[in-house]
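Here's the letter readout for the chains.
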Amino acid sequence: MSLLIIQILAASMLLATPLLLAAIGELVVEKSGVINLGVEGMMLIGGLAGFIALYQLQTSICTLELDGVCFASDNSVNQLQYIGALLIAALVGAATAAVFGFLTQHFRANHIAAGLGLTVLGAGLSNSLGGNFFGVDYTAAIVAKVPALFPASWTAVPVLGPLVFGQNLLVPFSFVMLVAVWFFLSHTRAGLVVRAVGENHHSAYALGYPVILVRMLTIMFGGAMAGLAGAFIVIAQIAPKWTEGITVGKGWLALALILFATWRPGRVLLGAYIFGIVLALEPRLKAIFSNMSLELSYFLTALPYIVPVVVLVLISRNPVMIRRNAPASLGQAFEPRS
Amino acid sequence: MKGLLSLEQITKAYPGVLANDAVDFDVKPGEIHALLGENGAGKSTLMKVLSGQTKPDAGRIVWKDQETAIASPQASKALGIGMVHQHFAVFDGMSVGENVALGLGRDFDASQRDSIRETSEKYGLPLNPDALVFTLSAGEKQRIEIVRALLGEPQLLILDEPTSVLTPREAEALFATLRLLRDEGRGLVFISHKLNEVRALCNRATILRGGKVVATCVPAEKSAEEIAEMMIGTRPVPTRKAAKRIGALALSVDGLTNDEVSIPSLQVSAGEIVGVAGVAGNGQEALYALLSGETLAAEASSISLHGQTIGRRGPGERRVMGAAFVPEERLGHAAVPDFSLIDNTLLTNIQTEGFQRRGLLDWTRTREHSEEICAGYDVRHAGVTGRASSLSGGNLQKFIVGRELIKSPSVLVVNQPTWGVDMGSATNIRDRLKALAEAGSAVLVISQDLDELFELADRLCVLNHGVLSPTRPTADWTAETLGVAMAGDADRSAAATLVEERAT
Numbered sequence: 013m014s015l016l017i018i019q020i021l022a023a024s025m026l027l028a029t030p031l032l033l034a035a036i037g038e039l040v041v042e043k044s045g046v047i048n049l050g051v052e053g054m055m056l057i058g059g060l061a062g063f064i065a066l067y068q069l070q071t072s073i074c075t076l077e078l079d080g081v082c083f084a085s086d087n088s089v090n091q092l093q094y095i096g097a098l099l100i101a102a103l104v105g106a107a108t109a110a111v112f113g114f115l116t117q118h119f120r121a122n123h124i125a126a127g128l129g130l131t132v133l134g135a136g137l138s139n140s141l142g143g144n145f146f147g148v149d150y151t152a153a154i155v156a157k158v159p160a161l162f163p164a165s166w167t168a169v170p171v172l173g174p175l176v177f178g179q180n181l182l183v184p185f186s187f188v189m190l191v192a193v194w195f196f197l198s199h200t201r202a203g204l205v206v207r208a209v210g211e212n213h214h215s216a217y218a219l220g221y222p223v224i225l226v227r228m229l230t231i232m233f234g235g236a237m238a239g240l241a242g243a244f245i246v247i248a249q250i251a252p253k254w255t256e257g258i259t260v261g262k263g264w265l266a267l268a269l270i271l272f273a274t275w276r277p278g279r280v281l282l283g284a285y286i287f288g289i290v291l292a293l294e295p296r297l298k299a300i301f302s303n304m305s306l307e308l309s310y311f312l313t314a315l316p317y318i319v320p321v322v323v324l325v326l327i328s329r330n331p332v333m334i335r336r337n338a339p340a341s342l343g344q345a346f347e348p349r350s
Numbered sequence: 003m004k005g006l007l008s009l010e011q012i013t014k015a016y017p018g019v020l021a022n023d024a025v026d027f028d029v030k031p032g033e034i035h036a037l038l039g040e041n042g043a044g045k046s047t048l049m050k051v052l053s054g055q056t057k058p059d060a061g062r063i064v065w066k067d068q069e070t071a072i073a074s075p076q077a078s079k080a081l082g083i084g085m086v087h088q089h090f091a092v093f094d095g096m097s098v099g100e101n102v103a104l105g106l107g108r109d110f111d112a113s114q115r116d117s118i119r120e121t122s123e124k125y126g127l128p129l130n131p132d133a134l135v136f137t138l139s140a141g142e143k144q145r146i147e148i149v150r151a152l153l154g155e156p157q158l159l160i161l162d163e164p165t166s167v168l169t170p171r172e173a174e175a176l177f178a179t180l181r182l183l184r185d186e187g188r189g190l191v192f193i194s195h196k197l198n199e200v201r202a203l204c205n206r207a208t209i210l211r212g213g214k215v216v217a218t219c220v221p222a223e224k225s226a227e228e229i230a231e232m233m234i235g236t237r238p239v240p241t242r243k244a245a246k247r248i249g250a251l252a253l254s255v256d257g258l259t260n261d262e263v264s265i266p267s268l269q270v271s272a273g274e275i276v277g278v279a280g281v282a283g284n285g286q287e288a289l290y291a292l293l294s295g296e297t298l299a300a301e302a303s304s305i306s307l308h309g310q311t312i313g314r315r316g317p318g319e320r321r322v323m324g325a326a327f328v329p330e331e332r333l334g335h336a337a338v339p340d341f342s343l344i345d346n347t348l349l350t351n352i353q354t355e356g357f358q359r360r361g362l363l364d365w366t367r368t369r370e371h372s373e374e375i376c377a378g379y380d381v382r383h384a385g386v387t388g389r390a391s392s393l394s395g396g397n398l399q400k401f402i403v404g405r406e407l408i409k410s411p412s413v414l415v416v417n418q419p420t421w422g423v424d425m426g427s428a429t430n431i432r433d434r435l436k437a438l439a440e441a442g443s444a445v446l447v448i449s450q451d452l453d454e455l456f457e458l459a460d461r462l463c464v465l466n467h468g469v470l471s472p473t474r475p476t477a478d479w480t481a482e483t484l485g486v487a488m489a490g491d492a493d494r495s496a497a498a499t500l501v502e503e504r505a506t
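Chains as they are written, first to last, in my numbering: chain A, 13 to 350; chain B, 3 to 506.
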């Protein structure tokens, strides 16, 4: 029984991590008063970029070569190559977000329209670039699996093995970022400025804070985190594999989590892990109750998307805390009053 | 060093209005220089030039004998210019301490908490650093601005109507602070509508009218009437109180109590004005909310309108029954800042005859109606399709009051009718309220301004710590008894200050 719990927890980490990464990034963006609905698009573009980077960076030894053409190869990836691919994913995510930032901050485009545009752009661009654009069809490209952080003997250790030693680098990273963002927002001057810009941009401007610069920086941070989230889904969640639209709405779920968590990092974590655990439970429950009705089985499939929202709504009803944490200028274009 | 700051021939035009027309203005170290003028005279524009929020079209800015340009708010702060904004630059979702830290560009930590407490106590501006701003009154929000500016140690401090929400005692404490700052050799710019304050406090006064400097004088050498005449061009004549005909009971409150206020009894009859005096934060907001229906009473019978119990009815139903309400906050409560004047008119006057035809809005009619309000109540504006937030405070208040009065309500409840409004507009609004009562309506005025209450009200009561006193004819109250009632027994010194205020 306890083995089942550990299995579910380990699986839930794989499922929750991309959600957590994307949501942490977007949380900072929203705290600065910007709503970027393009999380899904940035995840796709960043994820593809990470995949392409890892494909190029991996060590490839040809095992069957005929007339200078390699027909079979032995691929391998080490942690350094993986980190390199993640950096590329983050950079490309940030660059994609910068397009959104430029449109909304310098041309004062509507946040909602620009964000939706970014989602559409991300889906279309990743489809065509991942197809055969660079002369390689990445949907058929083979990339080696990323090794675990610790030696295989460590992963055999009970409990800690599957939960800690066997996990991907981005899992502990997501926790570090969560704590870092919480600390940044609530305990540093720069974080205070970000919140001030999101709370009342006119007041922040009147006090001399560079509203547009702050927002550009948070938008790019959000893009980098979305890029990492995408790369995790493409490279690490199962095995490295690029498929069109591979993120299947995780970006939207991340956006919803922030809202229902009323912009509190701890609750974003809770929401992401409730999602992960319920989703990890689903196939196991279906296996145990193999004779369940079709309706119940569909309901079980929908459950991971329902439970976190219901729980977060129920625990976050305090209007004072909502007023304290919700950025009042969210989604408003900033134009200095003349 | 001759001067601290000198503005020469500053000109700034906005579409449709020349806000500053070749304005000369200077401040010496160690003086308090008053900037006077009605709303819309160009004071705010001139201060925005100083605070780096806008660039003048023409003119020179000389700071400590050196010509300079103030390109941004940061540049203004870096020069040593501190600003206490009229529309508070505060962050509602944050704590007082965080607000102060943001103003100073420092971290909010334990030492910050101490320095806020120290400064606020030293200058008589009590503030709890951990309080959340959205729970504070307007007066307390202003204290944040002032404390924040003082902690920044500015060489030039601009105060844009700093006393408009302060109690007389708080204002006196502030003046002591300002005199101290002046004696330390700093320059101060003091913008106010209260001429007696300016006469008592300021070394010099520059008077703006229509974007131009019309006079510079030593305010102590002039009477308030003379200064007022320079500001608005004509001498304001207070209208005489006509003999009242008191009619039937219109609004009646009996045993109304909730967490914030307790009103044992209050009656307002047709044709009379009843005033509710009190220092801000004593339950005025809660009283207004109960009367307007924004907060429902526990018992339907505790509020009656024309003999019908309305305690459980919402604002819409009360309006349909002939009541009208004007809340304290102009932007965000009485008017939607980003809505046009037409849209804002519709918000309370949608039931007006002819606005809806077969369920659809008649925009021509609503536009005409909005224009009637602006014309009839002297609202100076750039067009009724303009946003409410583009109007100056006085003009917006005239619009909001006009919007209700044009319906000739049988009962009007108004909270702080002339808060932060220039003298011309305030006189105008008070005259309208008097005219409404003379025409047979019941009017309840909640105000902190004692002069206003003595001018308007036939009967007065006092709200202190959420409890409403019995009503007595205005003639039976003296400034002293009123002051004591307002301050409560625990706080005699406040009462004493009020008495002095009235005596001078």
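If you're looking for bench data, these hints aren't it; they were derived computationally from the structure.
Predicted model only: the values in this text are computed from it and were never measured.
Take these hints with a grain of salt, some might be off.
[Unchecked claim] Facing chain B, from chain A, some residues (calculated, C-beta under 10 angstroms):
hint, residue
1, I154
2, K157
3, G220
4, P339
5, A340
Every residue, glycine too, gets a C-beta built ideally from N, C-alpha and C.
Quiz item: How about K157 (chain A): closest beta carbon in chain B under 10 angstroms, or not?
Solution: Nearest chain B Cβ about 45 angstroms off; hint violated.
Quiz prompt | Minimum beta-carbon distance criterion (10 angstroms), P339 (chain A) to chain B | solution = holds (8 angstroms)
Self-check item: Satisfaction of the A340 (chain A) interface hint, Cβ to chain B closer than 10 angstroms
Solution: holds (6 angstroms)
Quiz item: Do the numbers back the hint for G220 (chain A), that is, is its least Cβ distance to chain B under 10 angstroms?
Solution: holds (4 angstroms)
Self-check item: Interface hint for I154 (chain A), Cβ within 10 angstroms of any Cβ on chain B
Solution: violated (51 angstroms)
Of the numbered hints given earlier, the model fails hints 1, 2; all others are met.
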